[in-house]
Amino acid sequence: MTARIIDGKVIASELRARVATEVARVKAENALTPGLAVVLVGSDPASQVYVRSKHKQTQEAGMASFEHVLPADVAQSDLLALIGALNRDPAVHGILVQLPLPKSLDTETIINAIDPAKDVDGLHPNNAGRLAGGFAALSPCTPLGCIILTKSVHTSLEGMNAIVIGRSNLVGRPLVQLLLNENATVTIAHSRSRDLAQLCARADLVYAAVGKPEMVRGGWIKPGATVIDVGINRLPGVDGKTRLVGDVAFAEASSVAGAITPVPGGVGQMTVACLLVNTLRAACAIHGLPKPGV
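In this note's numbering, the protein residues as written are 22 to 315.
Heads up, a few of these hints could be off.
[What the hints assert, rightly or not] Simulated DEER-style distance windows between Cβ atoms:
#1 VAL90 x ALA272: 36 to 46 Å
#2 LYS262 x HIS76: 23 to 33 Å
#3 LYS233 x THR23: 20 to 30 Å
#4 ARG223 x HIS76: 34 to 44 Å
#5 ARG73 x THR176: 32 to 42 Å
#6 ALA85 x ALA157: 18 to 28 Å
#7 ASP94 x LYS262: 26 to 36 Å
#8 ALA102 x HIS175: 38 to 48 Å
#9 PRO244 x GLY309: 44 to 54 Å
#10 GLU35 x GLY245: 23 to 33 Å
#11 PRO311 x GLN219: 15 to 25 Å
#12 ASP216 x GLU35: 16 to 26 Å
By construction, these hints were calculated from the structure, which means they are not laboratory data. No residue lacks a Cβ here, since even glycine has one placed at the ideal position from N, Cα and C.
Hey, can you work out the whole structure from these sequences and the hints?
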């Protein structure tokens with residue numbers, strides 16, 4: 022048995038096209054252009070690439086894109102002042118502060134300063150709490166992408182056994198809430214869980230977000246299960262180069278699973294596409310418009 026490869030590139034491209042269609046409709050009907058502001062502190066090369074990608078895709082979707090690049094030694098008060106200005110700016114509907122921040126800045130204070138209505142990363146305690154309570158909220162982009170990828174395989178997740186390996190605020194915890202909203206039965210596990218292989222073997226849906234290269238082995242996977250690999254890890258490759266691998270041993274798992282996401286080309290592709298979804302949803306909510314059709 023060879024697993025179906027869930028092509029995140031194709032699914033993200035289709036999602037971005039749907040967002041662009043909805044943005045054009047909202048513009049035509051309401052003279053509203055959704056706007057996303059991205060704040061980058063310092064010059065981390067990976068973050069720079071990610072921010073450039075966000076800028077390009079935001080513009081391609083017909084949205085306004087605002088970039089703010091600050092030096093690594095920026096004072097926390099100056100960063101908070103910028104966030105305050107973006108909170109008040111009517112052209113900005115989504116604010117994203119690129120993480121990780123330099124150690125001189127308190128991440129929690131920065132995230133908490135963002136207007137929850139514009140918190141397109143879904144990390145503000147208001148949004149996290151609403152999501153945990155089963156209320157409408159802006160959800161973190163990566164878990165949202167995981168659900169969309171899963172639903173490309175299963176129309177309904179109702180009653181399915183899901184395991185989430187990893188309990189971060191960015192992925193694991195919000196993913197559990199989104200799965201509960203889909204009426205799945207959810208186990209949350211992590212690197213210290215006992216009998217992790219046996220917990221996995223019962224799951225119809227496996228989400229690996231633990232940050233350990235190829236930790237989830239093929240023998241852990243229930244035959245026919247859907248595997249969503251959130252991990253992005255760099256390992257030494259040939260000729261001194263590095264290679265990207267996920268948290269799942271892909272070759273082993275793909276001989277057992279029914280469907281699986283590759284790394285790269287899976288979940289990572291969905292994160293920016295879901296950021297556009299959140300920005301569009303935030304713009305409509307702020308202006309009292311119906312929820313858009315994405």
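To see whether the hints hold, each was checked on the structure:
no., hint, in the structure
1, VAL90 x ALA272: 36 to 46 Å, "40 Å, holds"
2, LYS262 x HIS76: 23 to 33 Å, "27 Å, holds"
3, LYS233 x THR23: 20 to 30 Å, "25 Å, holds"
4, ARG223 x HIS76: 34 to 44 Å, "43 Å, holds"
5, ARG73 x THR176: 32 to 42 Å, "35 Å, holds"
6, ALA85 x ALA157: 18 to 28 Å, "24 Å, holds"
7, ASP94 x LYS262: 26 to 36 Å, "32 Å, holds"
8, ALA102 x HIS175: 38 to 48 Å, "46 Å, holds"
9, PRO244 x GLY309: 44 to 54 Å, "49 Å, holds"
10, GLU35 x GLY245: 23 to 33 Å, "25 Å, holds"
11, PRO311 x GLN219: 15 to 25 Å, "46 Å, violated"
12, ASP216 x GLU35: 16 to 26 Å, "39 Å, violated"
Hints 11, 12 from the earlier list are contradicted by this structure; the remaining hints agree with it.
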